[in-house]
Amino acid sequence: MRKKLLMLLMSVGCLCASAQPVSWTADNGNGTFTNPLFYDEFSDPDILRVGDDYYLAGTTMHTVPGLVILHSKDLVNWENISYCFDRFDFNDDAFALKNHKEIYGQGIWAPCIRYANGQFYVYSNVNGKGLQCYTSKDIRGPWKHHNMQGRIYDLSVLFDDDGKIYAIHGYGEVRCTELKPDMSGPIEETERVIIPEGSAVGEGHHIYKKDGMYYLISTDYRPNGRTLCSRSKSIWGPYETITITADETFGYHAASLTQVPRGEQYRIGHNGTQFGIPPVDKDATACTNIHQGGIVEDQSGQWWALLMMDFHSIGRTVTLAPITWKDGWPMLGLEGNLGRAPRTWFKPDIPGSVADASQMKAPYERSEDFNGKQLGRVWQWNHNPDDKNWSLKNGRLRLQAMPAEQLMWARNTLTQRVIGPTSIATVELYVGGMKEGDVAGLGNINVPCSWIGIEQGHYGLLLHCFEQATNDTVTLGLASCDAPLEKVWLRMVGDYDHDRAHYEWSFNGETFQPLGREMPLSYQLITFQGSRHALFAFNRKGIQGGYAEFDNFTVEEPQANRSGNIPYGKTFRMVNLATGKPAVALTHGLLYDTDTNDNSKLTHFRLIDKGQGKVSLQCEDGRYVFVSGYGIAGDVRLTNDPAKAEEFLWQDYLNNEFMLMSLRTHRYIGKSPTTGSPYSMDYTGADPARRNGAVMRWEEVK
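Under numbering that gives the first Met the number 0, read the sequence shown as residues 0 to 701, first letter to last.
FYI, nobody ran anything at the bench for these hints, they're computed from the structure.
Just so it is clear, the structure is predicted and the values come from calculations on it, not from any experiment.
Among the clues, some could well be false.
Claimed, not checked - Quick list of simulated restraints, FRET-style, between CB atoms: (1) 473 x 277: 17 to 27 Å; (2) 641 x 562: 24 to 34 Å; (3) 127 x 232: 31 to 41 Å; (4) 698 x 281: 17 to 27 Å.
Unchecked claim - Each computed DSSO-like pair below joins lysine-lysine, with the alpha-carbon atoms no more than 27 Å apart: (5) 540 x 392; (6) 163 x 136; (7) 372 x 392; (8) 179 x 232; (9) 136 x 392; (10) 100 x 136; (11) 325 x 360.
Glycine included, every Cβ here is placed at the ideal spot set by N, Cα and C.
Construct all of the structure, not just a fragment, from the sequences and the given hints.
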């Protein structure tokens, strides 16, 4: 399995070798975008537009700097421009991972970003500390911290037309509370229930006012994720509620969730074999569907939703979906297919936005040579750092080894989010400053955690690969050389769409050898974060040790360059993932399926490029694909008349997988795997396992 994964990464990388190194951006460079907006974690998104600028605030939990803010001009390409604070300013050991106290899965989360009175406001909750607010005239800061206290969390805030400020909060039983204008706290006596328990309303609220009507977007998790809208003519209700999207997973099934032993609380030092990573139900939606997030109106009057989804071991990430107003409700999706959303769609029609690659931008620069005076914006510390025990020195990151028994207790661990769908993170580790008992290396901060690294043992250097899930360590003794070992290269190879990864190491940075097994990865609701790369150093003997130095951290993303994902200029077969059979253009005039070995010209197709990802489909015999009728009776047929050819928007599902969405009906062609019916145009989208008949794979015909 490890060899197959590495060969896949290398082969995809070769396809992109002529291009400049790229990081995932949703922009396809042709006037369209493909979800997710980011292929790394960004939880609890809240969106704000001020003039021609868009700002997105997200959860950072226990990591610092905290409360991340991204900026965009087109809702597709984003840049990290600010954090609201550099470190938690509470005098509490738990925020600094001191004295065996921690805030894993706590910290600060579910922010709300607003602009009023000439300044920006970011509201959020800190566990045990109450409601927090950060204000600034400049989105880049500096930010002023207001500890508002009170029991208000997972909130949304509305600055109403009469000057009053309302906070909406609560799960199931939704409450409204006025806030003091000076941000000194809530006005407790104003709190009222505005939506009673039993109304099937959830949490993660986002409140808006449009044309005199109050709209509350929220998410329910019982029994699975759904996004709701409640509306009222008064902030105090009564509200009526409908579901505005459900079951849109973009063809991704739920992740395996780490299980903690029944009746026990998670402990950082837990024996990993007591964790459970159960098999996943690939047909279940769970919370993989797009849910919790905000909505925004662009300059052209089009509304958009920026919602998150639980995205395998990556964590939670963000999607962009058009909104269609229907009978006064902001329904996600497009006319003819409301409640679902295209994975690939046209970029917002915003002044200055262009349909080429010139605007493509990733939010972060992930690779780091540590030559600057400050760390790159992508990095976050695991809890508050001890600034006396780390430095940027001579073009390297130096971490002093403070006492800790294992990675999750190691202070001054520097982290950044992993990025999918596949990526390779490599770092150089200098070991000359390490003392006996010091352990340093590259890890994955998750539950369970893992790492590869060097330990300075009593008789020499040891190379370890530790996996908490098995509570097992694989160890190699490093043979002595003519000269003392100066450095090693450490690497993590991740296939995050399939929730697996492995570690490798090298003496020369060119030839790498694996260490340990192919590890299963999971998402979990213990730290409420996905997998994170971690640079760490600690001393397992319980004393202050020496130091480790890191240089040239690089992240390679073999699948970020998607310019060849649509098979323009190629002849290909279309194999339905549900049936495993290729599509065939019957002489009878219908699109059907055929034997897997059929490689006749009636199974050969090519694309007619209509620009901006729009295509028509032509059989090798010259006939064109078109759709006759509506719904399940909407046959997918063949015609010799090019004027009748259906115009589709290509939906890129990566790895040669795709769907075809009619730009006339906003539905997808597909074939039932059970009924024996021909292809039709009645599919609303992919199911989580991609086996309902709507997702296909193209295979080039040589």
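Here is what the structure says about each hint:
Separated by about 25 Å at the C-beta atoms, residue 473 and residue 277 satisfy the suggested range of 17 to 27 Å. Range check, residue 641 to residue 562: about 27 Å between beta-carbon atoms, so the 24 to 34 Å window is met. Between residue 127 and residue 232, the C-beta spacing of about 37 Å keeps the proposed range 31 to 41 Å intact. The given range of 17 to 27 Å is respected by residue 698 and residue 281, whose C-beta atoms sit roughly 23 Å from each other.
Proximity of residue 540 to residue 392 is assessed by CA-CA distance (about 26 Å); at most 27 Å being required, the pair is judged to hold. Distance check on the hinted pair: residue 163 and residue 136 sit about 20 Å apart at the alpha-carbon level, within 27 Å; holds. A C-alpha spacing of about 9 Å is found between residue 372 and residue 392, which places the hinted pair at or below 27 Å, so the restraint holds. Proximity of residue 179 to residue 232 is assessed by CA-CA distance (about 23 Å); at most 27 Å being required, the pair is judged to hold.
For the suggested pair residue 136 and residue 392, the alpha carbons sit about 34 Å apart, so the restraint of at most 27 Å is broken. For the suggested pair residue 100 and residue 136, the alpha carbons sit about 35 Å apart, so the restraint of at most 27 Å is broken. Distance check on the hinted pair: residue 325 and residue 360 sit about 33 Å apart at the alpha-carbon level, beyond 27 Å; violated.
Taken one by one, the earlier hints fail for this structure at numbers 9, 10 and 11, listed in ascending order.
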